[in-house]
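Q: Position 91 of the sequence shown, counting from 1, maps to 91 under this note's numbering, and the rest follow consecutively.
Please keep in mind that the hints were generated in silico from the structure rather than gathered at the bench.
C-beta atoms are modelled at their ideal positions from N, C-alpha and C, and glycine is treated no differently.
Mixed in with the good hints there might be a few duds.
[What the hints assert, rightly or not] DSS-like cross-link-like pairs, simulated, lysine-lysine; straight-line CA separation at most 25 Å:
id	residue 1	residue 2
1	K29	K68
2	K72	K28
3	K68	K126
4	K28	K70
5	K174	K53
6	K69	K28
7	K174	K245
8	K69	K126
9	K28	K68
10	K70	K174
[As the list claims (entries may be wrong)] Pair by pair, the computed Cβ-Cβ distance ranges are:
id	residue 1	residue 2	range
11	I183	T104	34 to 40 Å
12	F234	S85	49 to 55 Å
13	L177	T104	24 to 30 Å
14	P89	I278	17 to 23 Å
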Amino acid sequence: MRYLFIGLLVLCSYRGVCQDKAPELTPKKVLGVSYGYWHQSRQDQLFSNRIYKGSAIPNLGVHYQVRKKKHKHQVEFGGQVYALSNNQPPYSFTDGSDSQVYQTEPSTAFTVNLNYQYATRIVAFKKNQLWLGLSAENRINAAFMNYGLSTAFLYTTLSSLGPNIQVERLLSNKNLLNFQVQIPLVYWASRSPYALNDDEFIQNQQSHQTLATLVNLLGDGKVQTISAIQKVNFRANLQHQLTPKYAVTGAYQIELLRLDQPSSLRSVTNAFLIGLNITL
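The whole structure should be built from the sequences, with the hints applied where relevant.
A: Structure, rendered in structure tokens:
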């Protein structure tokens, strides 16, 4: 019996099934910033059935994370400014009323995100950890779609709640790999009803104050579920610890978005990011 007990201990130690072999990362508070290349492809049939593509050179992301042994919280803020165009090359034109020549310009889209994440560790095995949590995401997208001498203003606001799943692997004492998937289930969504500025839109922005207009636009939204709006976000992040205080990161992110009311909107967003984390 004694030899059987010793054998079981050896087997368990070898396979890592009888004790928690997960790396215990030091609890800490981290402030991080990121910048990179963002590219978006979108088709908004509220405006046109053409597919508009473009990149966001002006962009910035900031996050603050509180990490403990089995729990972590994170707040993220970010923004991008996209220059979008369809497959048609720029061209010159006149409006017929004078001889002045005009040049077409790309459309512009602004995106602002404010997100909160909570996750708890549910599985820990050797150098791997599985986290399950909840994400609350808030997004405002404003697009100025240029065509000829006219511009159509389109907006979409999405506030969502849904699960996030994370897998972490400690590659070495200085390198941590993280994979994350977020799938919102419930939304508060507000969107332009028309490509033209109707009476309701004019009334919403008659105060000419940004905050008041935003509140009015959000108030026009309604609750929707995953059956009406589908959004999936995947992110892979590699962190390299330079010193106990500083770390550099590299990440790839892709987001798929689909909604159909009041008309079809499809978008695919890719991002390649580099960042700096500072332990506070």
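Q: None of the hints should be skipped; say for each whether it holds.
A: A quick look at each hint next to the structure:
1. K29 / K68: holds (9 Å)
2. K72 / K28: holds (10 Å)
3. K68 / K126: holds (18 Å)
4. K28 / K70: With Cα atoms ~12 Å apart, K28 and K70 stay inside 25 Å; holds.
5. K174 / K53: violated (38 Å)
6. K69 / K28: holds (9 Å)
7. K174 / K245: holds (12 Å)
8. K69 / K126: Holds, at about 15 Å.
9. K28 / K68: Holds, because 7 Å separates the two Cα atoms, which is no more than 25 Å.
10. K70 / K174: With Cα atoms ~20 Å apart, K70 and K174 stay inside 25 Å; holds.
11. I183 / T104: 34 to 40 Å: holds (38 Å)
12. F234 / S85: 49 to 55 Å: violated (26 Å)
13. L177 / T104: 24 to 30 Å: violated (44 Å)
14. P89 / I278: 17 to 23 Å: violated (44 Å)
Hint compliance for this structure: hints 5, 12, 13 and 14 are broken, all remaining hints hold.
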